[in-house]
Amino acid sequence: MDALMQFVFSGVTVGAVYALVALGFTIIYNASDVVNFAQGEFVMLGGMITVFAHLAGLPLPLAALGAILATAALGVALNRLAIEPARGAPVVSVIIITIGASILIRGAAQLIFDKQLHGLPAFSGDDPIRVMGATILPQSLWVIGGALAVFVGLWAFFTRTLTGKAVLATSNNRTAAQLVGINTGWVMTLAFGLSAAIGALAGVLVTPITLVSYDVGVGLALKGFAAAMLGGMGNPKGALAGGLLLGLFEALTAGYVSSQYKEAVAFVVILGVLFAMPQGLFGRAGTERV
Amino acid sequence: MKTLTTTALALIAALGVAGPGLAEIRLGASLSATGPASFLGDPEAKTLEMMVEARNAAGGIDGEPVELVLYDDGGDPNKALTFATRLVEDDEVVAIIGGSTTGTTMSILSVAEDNEIPFVSLAGAVSIIDPVRPFVFKTPHTDRMACEKIFTDMAARGIEKIGMISGTDGFGASMQAQCKDVVGQFGIEIVADETYGPKDADMTPQLTKIRGTEGVQAVLNPGFGQGPAIVTRNYHQLGIDLPFYQSHGVASDAFIELAGADAAEGLRLPGTALLIAGQLAEDDPQRAVVQAYKAEFEAAYGMEVSTFGGYAHDAFALVIDAISRAGGTDPAAIRDALEATSGLVGTTGTYSFSADDHLGLDLSAFRLLEIRDGGWVPVD
Chain X
6 MDALMQFVFS
16 GVTVGAVYAL
26 VALGFTIIYN
36 ASDVVNFAQG
46 EFVMLGGMIT
56 VFAHLAGLPL
66 PLAALGAILA
76 TAALGVALNR
86 LAIEPARGAP
96 VVSVIIITIG
106 ASILIRGAAQ
116 LIFDKQLHGL
126 PAFSGDDPIR
136 VMGATILPQS
146 LWVIGGALAV
156 FVGLWAFFTR
166 TLTGKAVLAT
176 SNNRTAAQLV
186 GINTGWVMTL
196 AFGLSAAIGA
206 LAGVLVTPIT
216 LVSYDVGVGL
226 ALKGFAAAML
236 GGMGNPKGAL
246 AGGLLLGLFE
256 ALTAGYVSSQ
266 YKEAVAFVVI
276 LGVLFAMPQG
286 LFGRAGTERV
Chain S
22 MKTLTTTALA
32 LIAALGVAGP
42 GLAEIRLGAS
52 LSATGPASFL
62 GDPEAKTLEM
72 MVEARNAAGG
82 IDGEPVELVL
92 YDDGGDPNKA
102 LTFATRLVED
112 DEVVAIIGGS
122 TTGTTMSILS
132 VAEDNEIPFV
142 SLAGAVSIID
152 PVRPFVFKTP
162 HTDRMACEKI
172 FTDMAARGIE
182 KIGMISGTDG
192 FGASMQAQCK
202 DVVGQFGIEI
212 VADETYGPKD
222 ADMTPQLTKI
232 RGTEGVQAVL
242 NPGFGQGPAI
252 VTRNYHQLGI
262 DLPFYQSHGV
272 ASDAFIELAG
282 ADAAEGLRLP
292 GTALLIAGQL
302 AEDDPQRAVV
312 QAYKAEFEAA
322 YGMEVSTFGG
332 YAHDAFALVI
342 DAISRAGGTD
352 PAAIRDALEA
362 TSGLVGTTGT
372 YSFSADDHLG
382 LDLSAFRLLE
392 IRDGGWVPVD
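Read top to bottom, the protein sequences are chains X and S.
Numbering follows my numbering, in which position 179 of the first sequence is assigned residue number 184; successive positions increment by one, without gaps.
Numbering follows my numbering, in which position 2 of the second sequence is assigned residue number 23; successive positions increment by one, without gaps.
What the hints contain is simulated information worked out from the structure, not anything from laboratory work.
Note that the coordinates shown come from a computational prediction; the quantities given were computed from them, not determined experimentally.
Even glycine gets a Cβ: it sits at the ideal position worked out from N, Cα and C.
Hints are all accurate, no fakes.
Residues of chain X placed beyond 12 Å of chain S at every Cβ, according to the derived structure:
hint	residue
1	Gly-71
2	Arg-92
3	Ala-94
4	Ala-161
Simulated coverage check for chain S against chain X, where a stretch passes if three residues somewhere in it have a Cβ under 8 Å from a Cβ of chain X:
hint	region
5	57-66
6	241-253
Just need the whole structure built from these sequences, with the hints factored in.
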């Protein structure tokens, strides 16, 4: 029983990290059907900028805020400089552009910052909280709380606000959205800015647990992408559920089967789900007009 | 990516001579200064550049300046192969240092052997020097030796059953295999054998499983990078009070900082004299070398000296020593002089090569260290 609780805590901690990254994919995907493979780099930048601003003497909350704003600005710049000029290009081309952007950001981070690993102090100390014989770190609660807050925020944004619906409309049919008066260029700017900000927030929250270096983005983006696919791309509910499920699969496999197979088992489960439900657990079924 | 000693070049141009052997001694290096293995190659490249400069400022070797031709292979064995060929054919170097990783070393090794150019590798695998190849040497101790050092200490503490949690990266997997291979000789049994991915964020399930295994008396974590820091934190989080061992892969002050001094308290690992430079006894043979290198490196680059940079330091010292003893720049003569190296004190240990030992270090090169109050304390 103690062991099971520990596995669940571990799964939820790791799952919340995946979920936060997965949530970052949602907005850009909803605005343009593009999977932004530079999302992991936004997470990395959130962590790295906070670490270096904190080292330079800024208090942690200010450093974190600065990192989120700077990363959001970079997201907007990425859209203006690389995505906008390719307007009209097929989705696959734009996805390839984001892969290029990810390599560029990684290389720049290596030069501007350094190649070392860095950590941040946990926000509420390092004393583990004991529940039913198992332990969880306070920082895990911050990550879980962050994932929930971002989820609620996104859900409200897409279903309760006009702007959120404008984003969905842009994705659905860009020309039609323009005809009904939606400024689609602005929607794209907003989507990239918000996605980058959410990525950076994820970076700030997870750095005390996972540590950060210039190359952590790829691994995080891959797991976040897997979580988003499992839950259903573009749906905040799917991102949250997908992330938590993926984390739980891994932890339970490591605990009860073997740590050698934990990733294999997780991906087999994802494949199984996608065979049965190609849109993911909560994805909307796509309708194509011919 | 090519660093030229411009003063040496200017000198050649001014004198109007460019014949090899007359103007300068050309050393080649292919290191992974960028890319995934940059944590190895970056301090190695910096160390070589610093030492070449210092050497030339002090008059080179017998008055002849040393020219370093340095390439960055980015950790890619194919690039390393290209650069090694270029070093031999175009740059006409007399010796090669490098191969930050075992993969790149294997590429350079074949070129060095075919062209009979002495080559000193900076990578860990035992397969580089076993079987012995005439022109191939290496400076780092092997992971097998790290396992032996750790198991010696465990046996001395009366530990008979251990759990292992290893990273699945190259370093962790290789050391895991070596440790499993030698553990029997120490009367120790591995009763739990777990792994984690190099980018994993939480290892409490594996540690919980090890803790729940009957009879475990100590835990060993071979790994590199962020993994061991997270394992150490999780170990502390779970409140496991068994003796805990890490590998030489994380023997740096940065590790204590990442894992947290509280969590790292009491853990042991095999490290080099560099880590305890300030604590070395007056009569310690490595004291002078280690303290000088640490002071120079940290003054030149403003960053903490690392074990890996130390490997490059030792390789350069070995090659320079061999060239001055060989009395010329004939690669075969340098090779013979290298093999005859005896009692050369480096940062990693004291090297004595022979025809059947091209590593030249024994277990005494490792110091078993314990972390106490956020610092390193030698325990043997």
